[in-house]
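> So the protein lines, in turn, are chains A and B. The numbering of the first sequence is my numbering, which starts it at 17 and goes up by one. The numbering of the second sequence is my numbering, which starts it at 17 and goes up by one.
Some hints could be false.
Pairs involving identical chains hold if they fit within one copy or between any two copies, as the list cannot separate such chains.
Unchecked claim - 27 Å max Cα-Cα, derived DSS-like pairs, lysine-lysine:
| id | residue 1 | residue 2 |
| --- | --- | --- |
| 1 | K236 | K447 |
| 2 | K236 | K170 |
| 3 | K83 | K170 |
| 4 | K340 | K363 |
Worth flagging that the hints you see were computed from the coordinates, not collected in a lab.
There are 2 protein chains.
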Amino acid sequence: MFPKVNPMTLENVLSRIDAEMPAATDRLLDLLRIQSISTDPAYKAECDRAADWLVADLASIGVQAAKRATPGHPMVVGHVDGDGPHVLFYGHYDVQPVDPLDLWDNDPFDPQIEETPNGAVIRGRGSSDDKGQLMTFVEACRAWKAEHGSLPCKITFFFEGEEESGSPSLVPFMEENAEELKSDIALICDTGLFQSKTPAIITSLRGLLGEEITIKAANKDLHSGMFGGVAMNPIRVLTKIIAGLHDESGRVTVPGFYDGVPELPEDLAAQWQALAFDHAAFLGDVDLSVPAGEQDRTPLEMIWSRPTCEVNGITGGYTGEGFKTVLPAQASAKISFRLVGDQDPHKIRENFRAYVESCLPADCTVDYKGHGNSRGSVMATDHPAFEQARVALSDEWPEAAAFAGCGGSIPIAGHFKKILGTDAMLIGFAKDDDQIHSPNEKYDVESFHKGIRSWARILDAMTRA
Amino acid sequence: MFPKVNPMTLENVLSRIDAEMPAATDRLLDLLRIQSISTDPAYKAECDRAADWLVADLASIGVQAAKRATPGHPMVVGHVDGDGPHVLFYGHYDVQPVDPLDLWDNDPFDPQIEETPNGAVIRGRGSSDDKGQLMTFVEACRAWKAEHGSLPCKITFFFEGEEESGSPSLVPFMEENAEELKSDIALICDTGLFQSKTPAIITSLRGLLGEEITIKAANKDLHSGMFGGVAMNPIRVLTKIIAGLHDESGRVTVPGFYDGVPELPEDLAAQWQALAFDHAAFLGDVDLSVPAGEQDRTPLEMIWSRPTCEVNGITGGYTGEGFKTVLPAQASAKISFRLVGDQDPHKIRENFRAYVESCLPADCTVDYKGHGNSRGSVMATDHPAFEQARVALSDEWPEAAAFAGCGGSIPIAGHFKKILGTDAMLIGFAKDDDQIHSPNEKYDVESFHKGIRSWARILDAMTRA
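Let the sequences and hints guide you as you build the complete structure.
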């Protein structure tokens with residue numbers, strides 16, 4: 017499809033990557049020392065400093081990059097011209113807050129290489145999410161450039177600084193700079209391996225709809241000695257509403273909820289079957305044993321391809337030490353829906369709210385607060401890059417690469433498709449135990465090393481094609 | 017039944033009460049200035065000071081009283097000999113904490129007389145619960161003594177200092193001093209009027225059983241992107257358990273729950289009917305309109321004579337601002353049962369816990385924490401003191417006294433019966449809007465004044481009989 021532009025062998029690039037690992041690691045540690053917590057305004061200058069660091073680092077491999085202002089933290093955008101396909105690479109340089117700080121064994125911004133029974137790890141905030149992953153691609157390009165004198169194809173680097181705080185500037189920026197950001201394929205490195213030796217190419221992402229409901233009854237908290245038995249208790253109403261959200265078989269009961277949910281294509285079902293996912297081990301790690309979702313679905317389907325309804329928080333009445341015989345004036349819950357296929361978050365929100373109202377007894381009212389919504393995404397696995405990447409990854413790792421679903425919600429993939437018309441391919445090297453968003457976050461040195469090598473192989477495969 | 021011991025007229029005593037109101041009020045204000053918060057160890061010396069104050073005040077009307085040590089705050093016990101029935105009077109000198117302090121219009125321990133559209137009130141912590149009520153009886157005795165030279169009959173004064181912190185020393189003290197505390201009838205002043213012009217004699221109290229349950233699933237909080245759909249969510253389990261506690265008609269579903277619940281005797285039912293309880297106004301005051309309990313019961317039955325199950329608190333997952341897609345490791349609720357008649361709290365606790373276990377799916381466990389239990393009480397309304405008090409109260413107040421149930425739980429009445437074999441009669445003058453346990457607690461000057469006069473009339477009626 018694209019002309020062959022790299023006459024020299026891939027082996028040289030891979031050897032250089034191996035040889036340069038100490039320097040590449042030092043660069044990553046340098047980036048990890050920048051405290052780019054995007055959600056806390058106190059770290060605004062640090063986010064800026066991370067963007068500057070990236071601009072300079074891209075310049076060092078010949079990429080003309082610039083810090084681009086947004087109402088929030090800056091984007092970094094860099095371009096390099098070339099033959100062959102136009103590839104955009106996305107990652108984010110901002111990180112999660114570090115509290116509770118006392119649960120860290122070391123300063124989260126003084127990253128260390130640590131030997132562990134499972135191999136060496138890079139410990140520090142952002143090592144896995146997402147600075148380490150972002151740098152796998154940059155380091156692959158650096159080695160390529162050193163061997164070949166140029167990058168393998170036309171590449172756009174696109175780094176965000178607000179991913180951990182809801183990406184408020186992302187969609188407007190993409191819309192305003194659509195022409196500049198359009199490419200043949202967007203590569204996103206913010207996901208994980210399927211298993212520790214098995215790389216994964218994400219075939220679908222779930223969308224996310226958040227709703228907060230507050231049920232109100234009396235105009236103040238009441239004493240249950242005086243009113244108990246005659247006054248409506250909003251906790252009773254709220255628990256009835258929540259208890260009715262699933263039927264006995266684990267299906268969500270919101271009317272029309274399954275409209276637009278596709279059946280798993282047979283070929284994908286066969287591939288997933290072949291993955292021999294060890295759900296006993298997956299659940300056993302957190303002391304569970306029985307899959308709790310729809311009883312006629314496999315555990316992998318439950319996580320990857322089926323929609324869910326979960327209560328993420330509930331509160332009402334007295335929740336401190338001891339006991340207080342209060343009848344509370346209100347009770348509330350935060351409820352989220354993971355969405356797949358063509359499920360329409362707006363329609364589901366509407367139907368959910370209608371269901372809630374249908375459960376309200378006399379004297380009760382409800383307040384709603386929407387907490388964002390995004391649709392599920394299905395990747396264009398028939399795009400040739402997917403098969404090229406699958407072969408390339410299978411060459412690098414001990415186990416063949418898997419086409420895998422992802423239960424999480426990464427809205428950017430949908431944005432690339434909707435705003436730019438560009439298909440996205442998500443490949444990442446994080447492990448389940450990386451403790452992202454938690455104390456003692458780490459990234460395996462193996463993830464970093466093989467991640468860099470993987471991108472070199474993928475670029476090679478895409479540009480050789 | 018008892019010899020007539022008071023040849024002088026009741027009218028003299030009542031006139032003296034009227035004339036002495038300024039001095040009686042000053043004494044109450046003095047007692048209210050003592051910060052006798054029993055639950056907070058920081059106020060131990062203040063509780064002691066309140067006990068001393070009462071010992072001295074009783075001495076001033078010729079009662080030999082003493083502070084009696086307990087493992088907690090002291091009791092005050094005083095005796096005066098006399099002819100006729102032996103009456104014990106119970107009240108408590110301790111008060112609730114005052115937080116949130118910023119919701120008080122004045123210092124809670126700098127009590128003030130305040131004019132309001134509904135008449136003058138005594139504002140301050142403990143004014144209604146229970147120092148003001150306690151002093152109605154003491155002031156009635158003072159006026160009687162001043163007019164007659166002696167008290168009307170043999171009286172035991174029994175004041176507690178731990179009522180607001182669960183009365184840990186009460187039962188042991190009563191058991192150790194049973195012979196000393198036995199009497200013909202125990203008078204308790206810690207309840208309210210039926211309506212602002214209608215005094216009430218309590219005919220029954222509900223018992224109280226408290227249970228806290230914590231449902232546990234995974235061994236840590238999980239991310240709903242990774243585990244949502246396959247991992248059991250303990251909030252889902254908890255809400256199912258709670259939603260199943262009532263059926264559609266409002267009945268509690270715990271097996272055997274209604275064992276021992278008596279039907280309302282016909283005569284009492286007729287009396288309650290005659291009270292013409294305005295449930296629309298009662299509920300309307302707190303913006304409710306429809307009685308929420310068992311649909312085949314009257315609102316007064318729901319509050320006074322029927323058992324209940326209420327959730328007083330629930331918590332699980334993320335309850336702060338915004339949203340977090342967490343699958344919590346646990347969720348918990350505080351649940352209380354108000355009990356009547358012969359309902360056995362131990363049996364109900366056992367059956368409730370068996371019900372909870374029957375709802376637990378695989379991988380879930382439950383922790384229980386019991387929060388006390390007491391049985392319901394039915395007063396001995398055939399004791400002659402009840403009819404004597406009813407007539408006496410009806411003479412004092414604009415409306416005839418009501419035999420009324422009480423939805424609250426005042427375990428002391430049961431203790432008098434069980435430990436001492438003494439029937440108790442609960443009469444009090446608090447109003448619904450007294451804000452007990454809350455900021456800006458008050459006691460109407462009318463409650464205080466007519467309360468004192470009521471006790472003078474009741475003592476007169478009991479000793480003239």
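> All hints, please: hold or fail.
Hints and how they fare:
no. : hint         : in the structure
1   : K236 to K447 : between (49 Å within a copy, 18 Å between copies)
2   : K236 to K170 : neither (64 Å within a copy, 45 Å between copies)
3   : K83 to K170  : within (20 Å within a copy, 92 Å between copies)
4   : K340 to K363 : between (40 Å within a copy, 22 Å between copies)
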